[in-house]
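**Student:** Chains as they are written, first to last, in this note's numbering: chain A, 93 to 344; chain B, 93 to 344; chain C, 93 to 344; chain D, 93 to 344; chain E, 93 to 344; chain F, 93 to 344; chain G, 93 to 344; chain H, 93 to 344.
Bear in mind the hints are in silico, worked out from the structure with no lab data behind them. Here the structure is a predicted model, which is why all the values come from computation and not from measurement. The C-beta atom is built at its ideal place from N, Cα and C for all residues, glycine as well. Just to be clear, a hint being listed does not mean it is correct.
Said to hold, decoys possible - Result set (DSS-like, lysine-lysine): computed pairs, CA atoms no more than 27 Å apart in a straight line: (1) G:K155 - A:K155; (2) B:K214 - C:K214; (3) F:K214 - E:K214; (4) H:K214 - F:K100; (5) A:K214 - D:K214; (6) F:K155 - G:K214; (7) B:K100 - A:K100; (8) A:K155 - C:K155; (9) B:K155 - E:K100; (10) E:K214 - C:K100; (11) D:K100 - G:K100; (12) H:K155 - D:K155; (13) F:K155 - C:K155; (14) B:K155 - D:K155; (15) E:K155 - H:K155; (16) G:K214 - H:K214.
What the hints assert, rightly or not - One-sided excerpt, in silico: chain D residues whose CB lies under 10 Å from chain G: (17) L98; (18) L101; (19) L102; (20) A113; (21) A115; (22) P157.
There are 8 protein chains.
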Amino acid sequence: MNGAELHKLLEQVARGEVDAASAESRVLEALRARPFEDLGFARVDHHRSIRQGFPEVILALGKTPAQIAGIAAEIVERGSTLLITRATEAVANAVRVRVPQATYYADAAIITFRQQDVAPGKGMIVIAAAGTSDLPVAEEAARTAELMGNAVERVYDVGVAGLHRILGERARLASARVIIVVAGMEGALPSVIAGLVNVPVIAVPTSIGYGASFAGIAALLGMLNSCASGVSVVNIDNGFGAANIASLINHL
Amino acid sequence: MNGAELHKLLEQVARGEVDAASAESRVLEALRARPFEDLGFARVDHHRSIRQGFPEVILALGKTPAQIAGIAAEIVERGSTLLITRATEAVANAVRVRVPQATYYADAAIITFRQQDVAPGKGMIVIAAAGTSDLPVAEEAARTAELMGNAVERVYDVGVAGLHRILGERARLASARVIIVVAGMEGALPSVIAGLVNVPVIAVPTSIGYGASFAGIAALLGMLNSCASGVSVVNIDNGFGAANIASLINHL
Amino acid sequence: MNGAELHKLLEQVARGEVDAASAESRVLEALRARPFEDLGFARVDHHRSIRQGFPEVILALGKTPAQIAGIAAEIVERGSTLLITRATEAVANAVRVRVPQATYYADAAIITFRQQDVAPGKGMIVIAAAGTSDLPVAEEAARTAELMGNAVERVYDVGVAGLHRILGERARLASARVIIVVAGMEGALPSVIAGLVNVPVIAVPTSIGYGASFAGIAALLGMLNSCASGVSVVNIDNGFGAANIASLINHL
Amino acid sequence: MNGAELHKLLEQVARGEVDAASAESRVLEALRARPFEDLGFARVDHHRSIRQGFPEVILALGKTPAQIAGIAAEIVERGSTLLITRATEAVANAVRVRVPQATYYADAAIITFRQQDVAPGKGMIVIAAAGTSDLPVAEEAARTAELMGNAVERVYDVGVAGLHRILGERARLASARVIIVVAGMEGALPSVIAGLVNVPVIAVPTSIGYGASFAGIAALLGMLNSCASGVSVVNIDNGFGAANIASLINHL
Amino acid sequence: MNGAELHKLLEQVARGEVDAASAESRVLEALRARPFEDLGFARVDHHRSIRQGFPEVILALGKTPAQIAGIAAEIVERGSTLLITRATEAVANAVRVRVPQATYYADAAIITFRQQDVAPGKGMIVIAAAGTSDLPVAEEAARTAELMGNAVERVYDVGVAGLHRILGERARLASARVIIVVAGMEGALPSVIAGLVNVPVIAVPTSIGYGASFAGIAALLGMLNSCASGVSVVNIDNGFGAANIASLINHL
Amino acid sequence: MNGAELHKLLEQVARGEVDAASAESRVLEALRARPFEDLGFARVDHHRSIRQGFPEVILALGKTPAQIAGIAAEIVERGSTLLITRATEAVANAVRVRVPQATYYADAAIITFRQQDVAPGKGMIVIAAAGTSDLPVAEEAARTAELMGNAVERVYDVGVAGLHRILGERARLASARVIIVVAGMEGALPSVIAGLVNVPVIAVPTSIGYGASFAGIAALLGMLNSCASGVSVVNIDNGFGAANIASLINHL
Amino acid sequence: MNGAELHKLLEQVARGEVDAASAESRVLEALRARPFEDLGFARVDHHRSIRQGFPEVILALGKTPAQIAGIAAEIVERGSTLLITRATEAVANAVRVRVPQATYYADAAIITFRQQDVAPGKGMIVIAAAGTSDLPVAEEAARTAELMGNAVERVYDVGVAGLHRILGERARLASARVIIVVAGMEGALPSVIAGLVNVPVIAVPTSIGYGASFAGIAALLGMLNSCASGVSVVNIDNGFGAANIASLINHL
Amino acid sequence: MNGAELHKLLEQVARGEVDAASAESRVLEALRARPFEDLGFARVDHHRSIRQGFPEVILALGKTPAQIAGIAAEIVERGSTLLITRATEAVANAVRVRVPQATYYADAAIITFRQQDVAPGKGMIVIAAAGTSDLPVAEEAARTAELMGNAVERVYDVGVAGLHRILGERARLASARVIIVVAGMEGALPSVIAGLVNVPVIAVPTSIGYGASFAGIAALLGMLNSCASGVSVVNIDNGFGAANIASLINHL
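Next up, chain A with everything else stripped away, as it sits in the complex (with noise of 0.2 Å):
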């Protein structure tokens, strides 16, 4: 039962052309039968956009340029905003063909193009990354919780090895309301910064390393095993979906 078979149901109740417990019997078989069909009054998308915060985002990750430019396309014409993530420089050139507004961040591999307003984050998004090979993901990060709406700082090159670095950012590690820390190898980062501060840390490993760090692996474990309390963990390199979880924190 669609919204016209309704409306046309509801006249003919009205009308006394139908009765109201045969109306009634139709109605509750309709939402026995299909409670969970699509109603058709609703796109998918837009329900996303107001379900998640944040209109749909395009993880170019194994994907042509051609479709990827094709899919910013219908999301700018739409009026959302633009979020692609994992964008080489072949992807910026394709959506820049159809989207000339979009901006190629290539230290984030992210390309962008804000098109509607978000409500701002109430506090400030710390972002700690160990290493300088670490930034990508950092950046990535970085720019998603900006394009979010929040307050971003960035508190790079702060391994564990040289905890006067880590020490001498106390100040504004405690200004954060959430932190995100992104950190490859032993992935030890985490546990000394969440040891520093009061507030929820995000970690991300990153797949920076070499033989047994197993692409991230390494990491990915010492920050499940974290023996500082505060600490959750995302996917290997899921600098996008730790700044969406600090996001969604940060706007509580």
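Following the hints, position chains B, C, D, E, F, G and H against chain A.
**Tutor:** Relative to the frame of chain A, chains B, C, D, E, F, G and H by itself:
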């Protein structure tokens, strides 16, 4: 909007107390706001029995005998058929106190008490097992399949290292509508059997073996990589799951 | 002992040239020594076509275009239906030179040329896919199933994070006799769909994802541990295998 | 230089017995040479209570009942709130001898004795669990969250194979400021729930399952690869850790 | 068609009661229809004894003492040689009740009772073991090899960290026709020994070790990657299997 | 003390220039102090040729064509037989410049130039391969075995899903003194073949497959867990190693 | 509170403008609030050079040639010694433009330019390598150790399958104060060498090998499980790290 | 050729009974044939004590109390120092019967009886441990190091989540000549400590933790991937091995 409210609303429309347009908007609102809610007229368990073709099953693993006996009594009281898998002797004793009619099949580690008629399966389910150590899993499958209304033929002790035994059972294998193959160690039996027949083969890796069998991983990988077509796989030691799938197929 | 020798021996017995006892011992010897030998009256490939319900399939992975084109030409010459999976553009070009009638489905990476009639499946095979990146595997399954004589319904882009999309497709899912569910990342879609229907679900993990998806292991493990009944699993990215099983079931 | 020495030095400066310049150089020396040393006027544990928002927690795993009882008595004597996780009945008996006021929650394997007031959390923490076997972990999270001053709503037995149960709880899920989702087996529940709400979801994989669940690895990988945004993950069975993070978020 | 039927048929042909042509067609039919069937005149186990060079072996792992004693009694009654591996003291006690002549070698966890003569091997099998903890596996190999008719020389406690011990045994190693090398931990002994001799080396990784030995995986991988030629590997702790292969080679 | 020094010393003793006692103490000193030293009169490679039954083999993997050509020229100049494994076309071209007589077997990725006579093996080495994709590894084994003086029989394309093909080759399998079985995917072929014969079976897992074949791990585990006796295993894709072992056995 | 503020405060106390008690409380507050802050009198890099015994090292892996050249120029300008590891030819070209005096060791993939004197190590560092394919890692260690002021002795091509080669180098091994052992495949060399000497052995697994070497995991596990005492292990291919540790030991 | 034979031969040469050439060839033959033989003048155990710096150590794991007591008695009788690791109370009781002077350190699971003087180490060995659960491994290291003649300083309970505790111990850490760091869970402590000091750090991962700690794998990987220089790693829980290496270094 529950059934009573709908009833009342439609009565009001019929009586002209509410016009069709506002009734429509209220019904639509209900549809939009709570399309997924429990509507109050369906019990979860009955639903499952209808949707899944089989009542609730109790996996005894990690529950105390007392807990299991309690749940079993509740199911039996409701008039449903009882099926408990991975049941130890201690579980059986506890259940018998509450459900004296229950039967314990020690070789299958299964407790059952049939209360509902089931539709008979259309053909034969053959259950093949590679070694005698695989029998508990094979029997879990066999008893489950029988309880679900299927004729079951057991073809046991037909490891691939003794081809003449498998080949000697070709007639029985050929009589099947669907075959469950239970094997540990290298897990090669499903490939060999699927090469001899033209019906779906459900492969069940078992945790039988030692050393590099890694508690069933070797068998699981062997089965997932089967070079024979027609083989799909369930979890290690999951005789119940295999029987469930085979029964679904046998009732088509 | 081949047919001619048996013929000659029995003639000799009949003529009294060989006594029954020594004939018996010679026949017994032959039975003992070579019960498994190729008896000369069955060609391997025809056998397979009869036993397995489908002629030989060429897995292009790890073969050169020239090799594949050669095998394809041989199959077509024999009058069999051609099916090549995991075919690149280069393979397609090489095959077209030898088999000009062949069709290349780039989105499924499949090349086919149907020459034999197949019995139609009894119901609908629904192929559900979680994300757009899973489509190559889903299309491999879809094209294979169609070639095997099945009606196929595609239900794509129904990830578990957007339940309304899955629920909106409940009618189509309910129309299936067997469902193939293709999903990468966490591989949760088969559990959700199997909870909505009462038919066998063949789950195909895909290698889509990054980091801790471990090229499909996360999805594979998720599917093997499905809490829903009725789910069996095939190898990562094995769309062809899933279609083969689904077709077997659909032809029962 | 400890507190007493500093006191004495400043008194001497005030009395003119030590001039400002040499006092300055002595204080600077202390700062340079031992900026990180235990200064003698701060107990480690108090520090932690201040920095981390919660007093010391005893993880009973791998400690003897006697050891645990000793540490518990010390904490209680100090006036701190007691929290022991993974406590067996034997541990509870030993602790009760030393801390008679302690309460043992067997279903959560937790022992507590609250002595300090905690600031109330700002919203509701919903704790969802997939199956009854996941309850010990869920209860560890629930009891911990309550002890930390949070209102907790339990939404149990909502596995993804029975979507209607999850959907029927949408109202309660929507009431949360942060959600903890506890699930074993395929670990798909966080993805489904995160798709329905717009708040942070902390996913806790459990070691529930058998075979290819690999003691929680399947669930862990499923959660790390969640296709829904807003999901971060803690260690397998780490209900306490999840509650700690959720409480941090709920107190922001 | 079993032996009796064949006998009768050929008698009839000889007597002219059945003509050669119809006898031929009946024999051919039997061959075609059931080439692989158990023909009724050969017991499976005798077959195995003939084909595999050794009677049935009972792997005690995962069987009850009562079950094992029953199978043992049956084998002995048949006149076959008895061999039970991985036998505990409890198993030995149960077997002795049924087979009083059986001998239990506790250090090898083996029970045997020889009833059949075996052909003597052509040379010496040397069994080398790295450490004293590897002896149970080494002795399983040694006792098995002896039972199979081989002369066995034990060269124990020759770990690679004490090269002089290995080198001091060069004469005995050089006397071997085939060498079994049993080693846990890093599993380096086969490489070192294979570099000193010119005969086949069967490497048996053991589950001896702790931590990163992963119950034998480290040793298994070490052996599979041996830089010395002539090394092949069997499953972790599989002393029986190694002896079986060595005996096959020694009887060539 | 090298050969020249020993020569001189003994001459001096013979001429009475050095007395027996001091000569003895000098020789003893040499023996004690440097029993393991390179004595200067034995080239390592000759030693190896004597001890290991085969001259040096060049594994091309990870070396440049120029490096390989250089080593090859050196070996050939010395009069030794040349064997290069895993050789690409580029390697072959580089080697031909330096060793024009070398033969490149592209299907085996092997380059050889025989210069030394080898003792003929005593029997036949049968090399069985499951699928056409396994042929490069099978041919590496076959060419190596032939170069080492063995008669080789190739039995290819006998996967376990088509038992009649394996059974049809029983006569050829039975003719072997040792069998090499090459298989990828589930690696079940060695079990099946070892069940049919009574000779040693060397199993070679190949990296053929995709998804859960994990580049040969599935086949490797399958082979290590073989339920058939007589199967030992070498590293994934190690056709050369298998041939080396088989040749050792065949020369006993 | 910085130095100036402290100066002023103490002056005030001395002048009686601030009493001792309030000065004490302000100093204590400063101590409590910022015990870890960067005190402004130490540059990070100088610190590292002092604390770690070696200036900053650039790991080229995952950085662009331009980035590396920039960092290199900065280090050289500061007067520090330059060390770049894992440098390709392209990196070397880029660095030479900015730092013409830099030397590129292609076999070690290392670029260096020494500007600071280093204290000479007290003894010899011997670097042993199993095979020629391990040389890049061995050379990375050798060049690093030399740059750090150590005398280095290279003992290459001493695999465990040819013991006479290792034993022939016993004198050179015995001359070491610390030994670095570089090996791939089964990684057995450190065990053998540690059994011959009485000095610390640093084991470096390499990613050399194929199949079940799993890119160095087999060697890593072998080394971690070494039965010889005195062996500690670094990451796969980490020649630099091993040299760093060896140099620390050699400078004690 | 033994000493007597050599003596006789040289006498014969001196007497002219054997000419130099044939003597040379006989000596050469002896050298070739047995360069590696045990020369009869060195006992294995004495050798080890000399070469390895420490007498035999008994790893109790997997041996019976009776076996261990027997070996212990033998070592003590020989006058050597006794060291048994991983000893349970039962082992201690059995050993005390045979070696009444032995001391059992339950917290270290170590039994010792010193009979030989050891050279004192040159500096201090600091043993740092992250948590109280790591103490058994730390104490195994501490007791071993002390028995080997080293001064040991214990720095326990300094987890990375409480940096102030580590920093407060900087003076003691700085006093070390070599540091052993024992840590489970994420294993980050070695990185942090190695960043603070300039001496070799031996990292010992422990099997402490649960879930994704995987019995020490997480800690092991963390340590292998340490971003700090100077860290090498031993097997999980191998406190003895770490102490052995540290003692070697401390005696240089």
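**Student:** So which of the earlier hints does this model not fit?
**Tutor:** Hints 4, 6, 9, 10 and 22 contradicted; others consistent.
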